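Chemist: So the sequence lines, in the order shown, correspond to chains A and B.
Residue numbers for the first sequence follow numbering that gives the first Met the number 0, so the first one is 0 and each next one is one higher.
Residue numbers for the second sequence follow numbering that gives the first Met the number 0, so the first one is 0 and each next one is one higher.
If you're looking for bench data, these hints aren't it; they were derived computationally from the structure.
Small disclaimer: the values here were computed from a predicted structure and weren't measured.
Just so it is clear, CB atoms sit at the ideal spot from N, CA and C, and this is done for glycine as well.
Honestly, I wouldn't trust all of these hints.
Stated by the list, open to error - What follows is a set of in silico ranges between Cβ atoms, one per label pair, in the way DEER data are often shown:
hint: 1; chain 1: B; residue 1: Ser-27; chain 2: A; residue 2: Asn-1; range: 51 to 57 Å
hint: 2; chain 1: B; residue 1: Gln-7; chain 2: A; residue 2: Val-106; range: 50 to 56 Å
hint: 3; chain 1: B; residue 1: Asp-94; chain 2: A; residue 2: Ala-2; range: 54 to 60 Å
hint: 4; chain 1: A; residue 1: Pro-173; chain 2: B; residue 2: Glu-247; range: 52 to 58 Å
Unchecked claim - EDC-like, lysine to aspartate or glutamate: derived pairs with alpha carbons at most 20 Å apart:
hint: 5; chain 1: B; residue 1: Lys-140; chain 2: A; residue 2: Glu-136
hint: 6; chain 1: A; residue 1: Lys-214; chain 2: A; residue 2: Glu-287
hint: 7; chain 1: A; residue 1: Lys-242; chain 2: A; residue 2: Asp-95
hint: 8; chain 1: A; residue 1: Lys-140; chain 2: B; residue 2: Glu-136
2 protein chains.
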Amino acid sequence: MNAATPFQDWMIAAQARTEAALAAALPSALVLPHRLHDAMRYASLAGGKRVRPLLVFAAGEISAAPVAALEVAAVAVELIHSYSLVHDDLPAMDDDTLRRGRPTCHVEYDEATALLTGDALQTLAFEHLATLPLTPEVALKLIALLAHASGSRGMAGGQAIDLAAVGQKTLAPPELELMHAMKTGALIRAAVLMGAGCGTGLAAAETELLDRFAKRAGLLFQVVDDILDCTASTATLGKTAGKDTAAEKPTYVSLLGLEAARAHADELRTEALTALSAFGARAQRLEELAQFICDRRF
Amino acid sequence: MNAATPFQDWMIAAQARTEAALAAALPSALVLPHRLHDAMRYASLAGGKRVRPLLVFAAGEISAAPVAALEVAAVAVELIHSYSLVHDDLPAMDDDTLRRGRPTCHVEYDEATALLTGDALQTLAFEHLATLPLTPEVALKLIALLAHASGSRGMAGGQAIDLAAVGQKTLAPPELELMHAMKTGALIRAAVLMGAGCGTGLAAAETELLDRFAKRAGLLFQVVDDILDCTASTATLGKTAGKDTAAEKPTYVSLLGLEAARAHADELRTEALTALSAFGARAQRLEELAQFICDRRF
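Bound conformation, chain A alone (with noise of 0.2 Å):
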């Protein structure tokens, strides 16, 4: 076994951080109504690789933001993200029952439970944001970033068109980036968005190179996953794989081909890391980051 590069020991303490402060944030499944706060708890604290805490971490170091702040923003990010596999994985959308390696929350629990889960992982996503230690500036600044990406003009809003898309392996390449821009790519802009939010201001030149950097990224971690869809096993991945395949959803291997996707992630890494040349070694860990993405095999 190899030893941990500094990259892989920051990754794992930041995960770790990530998971502390999530069990910390959510009401304990002592608390009324004891079931919906357990549920709540197994959809949130399944593990999984916390890609967008990860960012706000990653983030942060351009502008030497406080932990205490990114772990709080850090938080929010992943319960919107968790609220979003709940509902996305209800028989009225995906009806999946396989998600980070266990039964999904409908299958584990009930769906009427599920529903409430997302709803109140979602609320308590804005609820936790308040409470950045910082100056209500920035945290009014937060909420408002982190509810424009969620909502029916980000995440919410691309999985409405996702939905749309079904059957239609047609859908042309801007379309289908459009899509994931909203789908995915919001929420991931944000979570870079906020961490470096929360420390000292950047120029805005500094600002827009970083946003470049974070809506390559956003593509990117989408194009990989729609290449693993389609070449990683349902064991590896912790999900059902092949599903969007199976469903006849436009992916960017069902557009492009599996070479030609792989080569438009190539192009989005290469972008994603040219926008952060100007930032020096404040952006090592964005960079490792993107590449780890670029990477990954599950």
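Take the given structure of chain A and dock chain B to it, following the hints.
Modeler: The following block gives chain B in isolation, referenced to the frame of chain A:
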């Protein structure tokens, strides 16, 4: 036809203001994704009594709050209420087909769209509240109030307890009260505190009295709702009458009987009005509103 009272004039004006502010806050159906935005508007602009916005505006008179801020707070509370109705009506929950005299959202659109509509209405509530035209401190305080009131320790938690209570007509009155205090009371209380919070700060004793009023008004609203569920017709209510009885849900009427439930409503109204007496003329609209909630026939 009798001439309108000043209270009726005030109420009609506040409802019209709410309607216009909601229509402006909701994304146009011309914006992508069209169907989701159309469904969000369908679910939110269907009229209704707008009790929570009325409470925001009436409570704002206690602290001389600016109308522009009250409008934002009123819209945020009503968006949370609308989201909860859309999700409540879903087949996995109450499985209802009629709301405000029209087909429910999942009947008019589809289940997946209704799920995303509720999700996006909740997000929009917080996104909109972050635009409150007051100091960031006040905006943040209102966001925390609304989130706490609508999450797992408030409205969503009350719904979870309600679900678990189906078939348990023998629930003890204190448990029924806790469930209602969370399911409907928390958001009504938040509406009152948010309205007052938009104006000049109240003394601690005043806040305590207002909170006492808000808690009693929340329970009062629910007791009257239970009475109407078994005495009014579906046509009058604009939603399915008698459904709590049909679902064997415990209600104040099933636990106390109709006459005792009416007596309990009278008692709550008296307590609510007593709590307001220290405010003098500033509380006139709130008093009239409590009376209106008690006398309503739909």
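Chemist: For the pair supplied as a hint, Lys-242(A) and Asp-95(A), is the alpha-carbon distance within the 20 Å limit?
Modeler: holds (9 Å)
Chemist: Is 50 to 56 Å a correct range for the gap between the Cβ atoms of Gln-7(B) and Val-106(A)?
Modeler: Distance hint for Gln-7(B), Val-106(A) holds at roughly 51 Å.
Chemist: Hinted pair, alpha-carbon criterion (20 Å max): Lys-140(B), Glu-136(A). Please report holds or violated.
Modeler: holds (12 Å)
Chemist: With a cut-off of 20 Å on the C-alpha distance, tell me whether Lys-140(A) and Glu-136(B) pass.
Modeler: Between Lys-140(A) and Glu-136(B) the Cα gap is close to 12 Å, so the pair holds against 20 Å.
Chemist: Mind checking the hinted window 54 to 60 Å against the Cβ distance between Asp-94(B) and Ala-2(A)?
Modeler: holds (57 Å)
Chemist: Just to be sure I understand the hint, the distance between the Cβ atoms of Pro-173(A) and Glu-247(B) should be within 52 to 58 Å; is that true here?
Modeler: holds (53 Å)
Chemist: Taking the Cβ atom of Ser-27(B) and the Cβ atom of Asn-1(A), is their distance within the range 51 to 57 Å?
Modeler: holds (55 Å)
Chemist: Has the given pair, Lys-214(A) with Glu-287(A), been kept, meaning a C-alpha gap of at most 20 Å?
Modeler: The hint holds at about 16 Å.
Hint compliance for this structure: no hint is broken.
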